[in-house]
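K.L.:
Here is how the chains run, residue by residue.
Protein chains: 2
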Amino acid sequence: LSSQPSAASKPAPQEPVRNKRYDPKKPHITETPLTKKNWYKHVNWLNLTLIVGIPIAGLIASAWTPLRWPTLIWSIAYYFATGLGITAGYHRLWAHTSYSASTPLKIFLAAVGGGAVEGSIRWWARDHRAHHRYTDTDKDPYSVRKGLLYSHFGWMVMKQNPKRIGRTDISDLNDDAVVVWQHKHYLKVVLFMGLIFPMLVSGLGWGDWLGGFIYGGILRIFFVQQATFCVNSLAHWLGDQPFDDRNSPRDHVITALVTLGEGYHNFHHEFPSDYRNAIEWHQYDPTKWSIWAWKQMGLAYDLKQFRSNEIEKGRLQQQQKKLDQKRTKLDWGVPLDALPVMEWDDYVDQCQNGRGLVAVAGVVHDVTDFINDHPGGKAMIKSGVGKDATAMFNGGVYNHSNAAHNLLSTMRIGVIRGGMEVEIWKRANNDGKGQMIVKD
Amino acid sequence: LSSQPSAASKPAPQEPVRNKRYDPKKPHITETPLTKKNWYKHVNWLNLTLIVGIPIAGLIASAWTPLRWPTLIWSIAYYFATGLGITAGYHRLWAHTSYSASTPLKIFLAAVGGGAVEGSIRWWARDHRAHHRYTDTDKDPYSVRKGLLYSHFGWMVMKQNPKRIGRTDISDLNDDAVVVWQHKHYLKVVLFMGLIFPMLVSGLGWGDWLGGFIYGGILRIFFVQQATFCVNSLAHWLGDQPFDDRNSPRDHVITALVTLGEGYHNFHHEFPSDYRNAIEWHQYDPTKWSIWAWKQMGLAYDLKQFRSNEIEKGRLQQQQKKLDQKRTKLDWGVPLDALPVMEWDDYVDQCQNGRGLVAVAGVVHDVTDFINDHPGGKAMIKSGVGKDATAMFNGGVYNHSNAAHNLLSTMRIGVIRGGMEVEIWKRANNDGKGQMIVKD
Ligand code: HEM
Ligand code: HEM
Ligand SMILES: [Fe+2]
Ligand SMILES: [Fe+2]
Ligand SMILES: [Fe+2]
Ligand SMILES: [Fe+2]
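So the sequence lines, in the order shown, correspond to chains A and B. Position in the first sequence (first residue = 1) + 721 = my numbering. Position in the second sequence (first residue = 1) + 721 = my numbering.
The hints are simulated quantities; they were obtained by calculation from the structure and are not laboratory data. Hints may contain errors.
Since copy identity is lost for identical chains, a pair holds within one copy or between any two.
Said to hold, decoys possible - Here are the simulated DSSO-like cross-link-like pairs (lysine-lysine), alpha carbons at most 27 Å apart as the crow flies:
(1) 880 <-> 757
(2) 758 <-> 747
(3) 762 <-> 880
(4) 746 <-> 757
(5) 747 <-> 860
(6) 1099 <-> 860
Construct all of the structure, not just a fragment, from the sequences and the given hints.
P.N.:
Right, here's the structure in full:
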């Protein structure tokens, strides 16, 4: 294979030139608004046939085709094999180079990946790199911002403007003989691996030629396609965002179950060159398990993995961000530097005139409405009114809980000029954010 | 009832004087170490009999006593009623005054609470206030620090030194006629509500006198005791600490199920005067539901509740604390102010001598070992070596993720003297803590 220097690897290969009639000088159809008259020109009829038409035909045909046990088992097994071709091959090996594979493994993955009928490695990985580099922007080939259905398969069924999609470097793929060969002979690969091979196995194996074609071929293709399309739709729509919530990727076990483990997509977009999608042993990631098994067999090597220190840093920053958002929504009391300054004598005077004020750590609090509710009793809190209650509040009488400190800070009305001021001021820097409890 | 000014309400009532032979001048038995010779003096035989002896006798007797359906149903119903006497009465009403009750409700709660055989309201609430005020210290009557079994019932089965237990203010209880009456007539209340009443119902109702005594009386007491004891043991041992982890109280649904809803104990210790234990509608807290129902019936009023702002502040601070602990365990790279200062020319020289250094935002990073692993390819990262790569790294070529920024900061080796220094220095205050991503 590697002795086949393909033509495709030579010209500057940034632009996809799959459609030979494409002329960059003429305005592309997507630059014309969709109307009642021209809508059919916007549709990619070939893809529509492959993705929707043939499966429907297959479904109809299946009504007359009995499903035999060996064919069912074989179809499911081949479903997993071709699915892995996409997830372990197209995606983790070629698009992300998250590990290296020996030539036999590469050929296997290029073959079964072709059997999933989702385009050549070269085309798929180029688009996928653009998806990562320009996630959620107009340059993202399957941006979920254009709708869930669009990200699922609308982007294939409707014509795309090749100029719109972000450019990415695929020089490494153009140097990979297996990729180049598969791209060049793509139609043959698809026909053979997608339909003929599953039919051959079923026909030569147990004589079920038609079942092999309908179930192992057409319907299996449909299921594998829909499952892997979920990585672009469901994985950008359903679940949590433990690492970064600025973009759409999400983690969810349902997506993982559907996509052979590609469901930890928030992690994946943050650490795309990690060969894993699920980092916990108990999470479902058969693609990772397969790569790991190939490594034990000497077929895969250089499995890339981010240090857990880096992963935990990302998780922590996202948690911090969430916490900071929550913090700004809560009432932490008037910030200390926004409080009026009071004289001590003024404070005492006001208390003698019946106001329920308590000075703690240089800050005056109006507890009038709280005296009757004080969990430690009316008498206790009244004994602090008009006095410096710092010590009583902080353990002299009762070492109040965090909750009590928080409550107290919402009752602030002033700062006392003088002695205690300096102490509280020093600690005030961290306040108003609620991050440290200002023990006032 | 309220016309009965009880003797007990007059003398300074801080000290429990339930044992008439107790003389504060003589050394208390607990001040003598436990030995083989004196161990029986350490045991509180009355409590041991009540809590362990009688239930065992009841269990044996039950072998000869057929359990009839109406008796079983009545025993379970009475179990809930007497349990509520403790949780809604003794605990939330009297120990914590988390709501107010009309006299009929008070009498009901004092009666069924007495039927649970856990001491008088006055004695129970005094100890419980000490438990909250001195949680986990030696002054805590049932500190879990002395062992799970001790906190469960060891503290009752072994004699206690009354001097050890923290003092609390119970003047409000001494002013409560129902409390005072129940304390004065405690033995009569216990005998009637604990044994005679359940037997009467069962005997007069469906002729099952013995079953009413054994199942509705003795065994029901045993189950109610063990269940409510769990508030002191299980609730300080099993579960999460969403509000404060400095002390032992914990939240767990199992504890809640066992204790009629007293299982959200971390919340409860932080907000003891809240009439709720569970704050979410879907959490199990039948005690809260009962209090709420009594309010609808006009029997309870002034239900106290902390503002959700205060509760969320507590939760947030605890989360922040956990996050800060995690943060210190991660490697955030050498803090900026601990880095050596380099000249620009020195940086360029070293790169020309083959070192893979990249300057981003005035900080020099050693990426030598990373060049081959760079997810954007060798060429990309090499193009930054020996240059000011700030712009390329931050979007000029590729707007790197958080993960890439984090990784970069672990590669720091120096700061460049001059131009960019000021900018990065300003933002450096927040760094090393990892709280803000220093976009360098
Ligand atoms: C000035 C404003 C005050 C506020 C906002 C306040 C708040 C609270 C709160 C929320 C509690 C419930 C337990 C806890 O969360 O720690 C409490 C309990 C208590 N407070 Fe205060 N308090 C104040 C002043 C005082 C003062 C001045 C004293 C004593 C002179 C005092 C003595 C007590 C005692 C003894 C308890 C324990 C109650 C118990 O659990 O038995 N408090 N306080
Ligand atoms: C100086 C230290 C560098 C580090 C630590 C670093 C790190 C990374 C990491 C972790 C990624 C994976 C995607 C991501 O997490 O964002 C990445 C991708 C990338 N980096 Fe860098 N990078 C560095 C320098 C550079 C430089 C100097 C350039 C360009 C001149 C560059 C260009 C790119 C590109 C284009 C990608 C996108 C790869 C793709 O998804 O196709 N990087 N970098
Ligand atoms: Fe994605
Ligand atoms: Fe990806
Ligand atoms: Fe407790
Ligand atoms: Fe309590």
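K.L.:
All the hints need checking, so say for each whether the structure fits it.
P.N.:
Verification of the supplied hints:
For the homomeric pair residue 880 and residue 757, the shortest alpha-carbon distance inside one copy (16 Å) is at most 27 Å, but the shortest distance between copies (92 Å) is not. Taking the closest pair of Cα atoms, residue 758 and residue 747 come within 27 Å of each other only inside a single copy of the chain (20 Å); across copies the shortest separation is 106 Å, beyond that limit. For the identical chains of this complex, residue 762 and residue 880 are intra-copy neighbours only, at 8 Å inside a copy versus 92 Å across copies, given an alpha-carbon limit of 27 Å. When the C-alpha separation of residue 746 and residue 757 is checked against a cutoff of 27 Å, the pair qualifies only within one copy, where the shortest distance is 26 Å, while the shortest distance between copies is 103 Å.
For the identical chains of this complex, residue 747 and residue 860 are intra-copy neighbours only, at 20 Å inside a copy versus 88 Å across copies, given an alpha-carbon limit of 27 Å. In this assembly of identical chains, the alpha carbons of residue 1099 and residue 860 lie at most 27 Å apart only when taken from different copies (24 Å versus 66 Å within one copy).
Checked against the numbered hints given earlier, the structure satisfies every one of them.
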